[in-house]
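Visitor: Here's the letter readout for the chains.
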Amino acid sequence: MSVSTMEAALLLAGVLFMLGLISVLIRRNIIFMLISVEIMLNAAGLAFIVAGSKWVQPDGQVMFIFILTMAAAEVSVGLALILQIYHQLKTLDSDAANFMKG
Amino acid sequence: MENYIWLIPALPFLGSLLLILFGTRLSRALVAILGVGSVGFSALITILLGLQFLSEKPAFYQQEVWQWFSVAGFNPSIAFHLDALSIVFIFVITFVGFLIHLYSTAYMADDADFSRFFACMNLFVGSMLMLVMADNLLLLYLGWEGVGLCSYLLIGFWYKEPANGYAARKAFIITRVGDTAMAIGLFILFQTFGTLNIQAILTQAPEVWSVGAQMAVLVGLLLLGGAVGKSGQLPLQTWLPDAMAGPTPVSALIHAATMVTAGVYLIARMYVIFELAPLAQTMVAVIGAVTLLLAGFSALTQYDLKRVLAYSTISQIGYMFLALGVGAWSAGIFHFMIHAFFKALLFLCAGAIILALHHEQDMRKMGGLRKSMPVVFWTFLIGAASLAALPIITSGFYSKDQILWYTLAGPNGNIWLYLAGLFGAFITSVYTFRMVFMTFYGAPKTHLDHPPGKLITIPLVILAILSLVGGFIELPHNFAHLALFSDLMAPVLPGITANELLAANEWLFQVLAAVVSLGGVYVAYLFYQKSPGMLHSLERSSLAMKLHRFWFSGWGFDALYDNLLVRPYVFLANINKRDIIDSFYTGLARMAEGFHVMFSQTQSGVLRNYVAGIVVGAIMILTISLLL
Amino acid sequence: MSQTDFLHLMPLLILTVAALVNMLVIAAWRNHKIIYVITAVSFVAAFLSLFELRGITAYAIDPLFVIDGFGVFYIGLILATALLISMLSYAYFEQREEQKEEYYILLILSTLGACTLVISTHFASLFLGLEVLSVALYSLISYLRTRERSDEAGIKYLILAAFSSAFLLFGMALVYFSVGTMTFAGIATAMSGLQELPLLLLTGFGMMIIGIGFKLSVVPFHMWTPDVYEGAPAPVTAFIATVSKAGVLGIMIRFFLEVDGFRYPTLITIFTIVAISSMIAGNLLALMQKNVKRILAYSSISHLGYLLVAFLAGNQMGVEAITFYLVAYFITTVGAFGVVAMLSDKERDAELLEDYRGLLWRRPWTATAFTAMLLSLAGIPLTAGFVGKFYILAAGVSTQLWLLVAMLVLNSVIGLYYYIKVIAVMFQQPETEAETPKKRLRPSIYLASVGTLVVLTLLLLIVGVYPAALVEIIQNVFATAPEMVAR
Amino acid sequence: MILLWMIVILMAGGLLAWLSKKLHPVLPRWIALFAVSADFAIALYLWLGTPAASLGASPWLMQMEVPWVPQWGVNFILALDGLSLLMLLLTFFIGILAVLISWREIKVKTGFFHFNLLWVLAGITGVFLTMDLFLFYFFWEVMLIPMYFLIGVWGHANRNYAAYKFFIFTQASGLLMLLAILGLYFIHGSQTGNYTFNYFELLGTELAPEEARFLMFGFLAAFLVKLPVVPFHSWLPDAHSEAPTAGSVILAGLLLKTGAYGLLRFVLPLFPTATVEFAPWAMLLGVVGIIYGAILAYSQTDLKRLVAYTSVSHMGFVILGVFAFNQWALQGVVMQMIAHGLSTGALFIIAGFLYERLHTRDIGQMGGFWSKAPKMGVIAMVFVMASLGLPGLGNFIAEFLTLVGSWQANNWLTVFATIGVVLATAYSLRIMRKVFYEPAPSDHPLPDLNAREMLIAVPMVVVILWLGLYPQPILDTAQPSINQQLQAYQEPEVEKEKVAVVEVPEAKLRIEEVKK
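Chains as they are written, first to last, in the numbering used here: chain A, 1 to 102; chain B, 1001 to 1628; chain C, 2001 to 2487; chain D, 3001 to 3516.
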């Protein structure tokens, strides 16, 4: 592959990352926030793969696997927490969870 | 004998120390013995020493008790230097002081704070002796401040009365102003001569400074400032009349006989400086002249017996300054001595009267005491005569005449000064006899109880005799030429020679002086005895009223200083009570709190804002890393 | 992996095993005490195993790890801290009805993560360590499920941490993309070649800084700190404040020194800004704060700012200063949160200033200990905090970072105010005679906590009065870490 | 070694006092009293044991040095010269008084109180003794915390605010000094390659004018705030008026003196050139302080606050004298430190006595006490007179020497300073009037001083009189160290060799003795 396509792929990852970022910013529902963060993580993974393929090394994909596992772990904990939150607040609106401030 | 010099001040100090420590527990008799005895003994020693001095005629006696301190060549010691000048002062202080103490035992007999009174009196005598015996200016300064303190303590002796306290503070602070000037003078002297030893300075000064040298003038003026403060001369005279708030013996001792003449002593002591600084010396003369007139006028208008005496004191010291100013040194000192006698006498008499009229001081409420208290009358009359300088018989005549004479005929004599002095003499005798007539003649207005006892009358008599004959040790040379006193002073203070062409007809001026004083008496008689109606008609004229009010208030100096200095200072102090600078720091604190509130807004607790925060940070960092 | 590799990784292995054993034991039969003992023992064992590695010169386990003096010291620091925290945890959890045992597993795991971090020399291991650390932390923070504050803190931390590690990862990816290797050494060599850094690389570093900065809770990535500190159980808060930061700081220093980041003004500028703003924001936020845990949170932000000053000094003295300061700061922080934990009861942590009013009159010794801790935080002599601050100042002055140093001084003055405020509250005489302290568990439970507090206080004073010993150790550590002594 | 003991006794005494509270409530008082007296005895022994003549060229009586943090070149150096000796005597004398005053006044937490009291004293002792800049800063801070507690726990109504203010002011300034110390340390290190905080070695440092100026300001910051000099004084009135009597006495009598001591010991010899160019401003500050403090004192209605402002005014003389750079002025400063320590301390003690009896510090509430409490009146009179600089009392010698000295340096400022003395008269007399003379608005019962209180007051009177009438012993003791500080201003080169080369071997030699 030529370098220019590499750049393009990286750009794609960047765009993906930005999308995730923005949706974290605008979403209020915690689950959606979690999902968008995952998107960002996957964007990073994609970037790794791109980089790996640029240097023709497996490392990029290795990192991607890592990221996936980690993301899975994170999401599982996250969902557990969200359950708890829902029990207590009866809502998933992240803005409602602001007992601690100042 | 000269080994016991140190006892002279030590005894009063010891006395006052004992009284302070145990005064409250001792019986009144014991207190009196301690208080009077200590001064009495030092008077005794003084007299013995004086006799020895007269017989041996040494230049001076010197005694160092201990080295006070010594820093890099600045080593004043607690040491005494006795020459004729200081001996005269010591004599007056101890002897008159002794009499007044004696008098006080009766006067203060039924006062609650008997012991405190004597403690302070002794302390005063001690410090005053320090002042006049010191061989260096720092020790002199110690005595100088010491007497200031004592006058503060004694003026405010009856402290329950706020007015007294006010008078006391006024005295202390105003004299302190003068002292400040003096202190600065000392700094300069030390810088120039590397020592504060009086004799050393006197000897070196002519070598270092030429006549009229700027520094000399400066020092002269500064010392004069100190003198003016203590001696109640213009412009720092305002404290003296108020100082009458103290018990009468105090007024007699401090504000007539001794302390207020400290200024005279200082100037006489440092005469070399003043001779090197003609300007300063002229200032002395002028201040003296002006003061004696102003005070005289004020004295004319007073009704309070003691205030009259106070103003007369101011004006008499004015004469002394005048004398010093024209270089008639010994004349000035001579007048000091005589004045001490008759002024103490007058005050003590006044005290006796006041006591008899249970603390009534207003002359308008007095009168007709001639019959009821003859001793006091006669003694007072003598005192008055001496103050008014009635010719021939009173010593006041001789001392004052000498001053007037040299004011005119002295090398730096001056006709205007002379006229001022002459007119002053006239006023003096007017207000003196105004006093006599108002108090002792006419109809009795207040019933008097317990006429004065022995302890009171004895000192009066002694002082009366002194103020009659005391002057006979110095008689004009055209009239049984006798100059014991000026001979005594000769080794210490430079003599003075009269201008020849005037000297020829000196008698003319003596007659003039005599006429003036007698004239004064007549005027007083006219207004206050023969036909009071004239006085009243005079008083009714609006101008006279204004003048009267103006003079009565002592030429409005008090008001002036109040509005010029005191009020602004107090105002300034009070508006800044909370200390403006502090508010700056509190301001800083407020600012920090403000920032805190601002920042804590960002901690909204809302998750998305936190995310936003991170994003902002991210943008910031990325922009930096891309731009730089 | 050879046997020597195992030997060198012994502490980490011990921790791993400990975690597994705990799990099995719990499965067999729940008992707080036993789990607690196992944990403590394993920490001690791991710590002791470090003595095998004393005076070691860099032993690389390519490409992921290197075990050198620096790493050993930091692992030691982390383990010791974790041990102390677990000590304090026992009494704290004993009085709560949740299932207590898993807490220790999570504690061990996140410690393990931190340890992995400080010895890793490769993005992969870095990432691995970081995530092991964080994922365990999520659940630790929200361990007391029944408190909604705890959950709130948990979810906040989770989202934000994931968010920031996305940045970190993307940054890594970019770096990898532009230099073609993920080992620090490789990156260093690649970079030493080029004078001006390519844009991508810089962007990568920038994003990594975001990820790291979040974990270090420096401005502007600090916002989570107070909430998480407040919501988390006191011992966990102590853990976040100390262990996790030690790990991240360790890796940061390692990486930065390796690639010699001090050559690049861009990075210096960024760090300077971050440092200053952290100091100021942290202190000002804490100024009028009424909640002790939040006060400590904010103060930790500013303390990180102080640390960055020494970090920016960039010479050996700086690194020594950081290390020394960390030790001092850990002693202090653990102690402080220990006191908080001690005073907490079933329902809630003792976190409001009110809970401390007149403490000196109720429980003089606890109050004294807490006072000592606060004074140390404020950097007052006789305490470790002072020497630490002195060391940092010295490092700053030695490289003429006048602006930063001035800021440090200014801020430690502001900081004084709120530390003293807490002390003042404790020393206030209660109007009503001291009310009887609330019902507590039997004293023997508190033995561990009290003992720990005593030890900490003594350490605080010893380090404060005779720092020479510690300084010596640290200097030796860096003597054996060659690539550090480069400058 | 004996120097170390002085500090150790205090610290150990403090801990003992704290713990002994459990055994018996009165024990702490006795322990404290004993500890301080022991130190006082030691100091006295040292003083009488060394006739002033024996302090020849080198002012150092004894020295000890043991490495403390070798890696940083920090040594535990204690050294004693005339100046420090005098300061120590003052410290312990006032310390004893402080313990005695608190005997009845302090009722709660007596153990902890005496712990703090003794540790403040220990810190102060350290400050006066140490010749290692790191150690100096260390002690400098050590004396603050216990002081903070003294104010914050046993103070009056508004104690917290005052305590904060005191602590933050002193800390802020102290940190600046720390920066300066570090700067000096690195400059000296980079010059000689020998990184050390040793005062004697640092004396030799050559500094570029710029550096010197900045470092000097660093040191000045700490000392001027502590002194205090006017724009930085505003912590003092609060601290003084809110502290318990013992606290105020120690603040006024000792803590302020550490500032003056610092100026003499460090600023003058370390930065000869910089100080000379700064001198006029410093003297100006002094004069401003004298007058500003006096004006503020005049308007105060809180007795302790009033006295506090008077010490602002009096400390003005100190800085005025220090920057006159001549023997008279510096001797005056030393005298001022001692005399002011006593006189102001005494005034605070009297304020304390009154507060114990009336539970108010408002002079509006007082009055006419002369008749009720003549003893108190006399003693108050003595110290009021001292504070307005009456000859025959210690303060006069101090102020006169200072002014004589400063006159040589700067005429106009001296004139204004002298005017300040008049203002001093105004506020001092105001005390007497309000408290002892004018009748009180309301009538309180006022028992006169009891035996214990006389035991406190009389020695102070005696000492202040002694200082006023025969200060020579003090002056002689201070002389050599003052020459030392001034050498930089006579022949700088000689001074550098002398201190850097001659003193240090001697120090080593001393240590040998110590070891034996």
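Be a bit skeptical, because a hint or two may be false.
[Stated by the list, open to error] Chain D stretches covered by chain C per the calculated footprint, using a threshold of three residues with CB under 8 Å from any CB of chain C:
id	region
1	3147–3154
2	3168–3174
3	3410–3423
4	3435–3447
Rather than coming from a laboratory, the hints here were simulated on the basis of the structure.
Don't be surprised by glycine CBs; every beta carbon is placed ideally from N, CA and C.
Visitor: It remains to establish, for every hint, whether it holds in the given structure.
Guide: Each hint, compared with the structure:
no.: 1; hint: 3147–3154; verdict: holds (count 4)
no.: 2; hint: 3168–3174; verdict: holds (count 3)
no.: 3; hint: 3410–3423; verdict: violated (count 0)
no.: 4; hint: 3435–3447; verdict: violated (count 0)
Of the numbered hints given earlier, the model fails hints 3, 4; all others are met.
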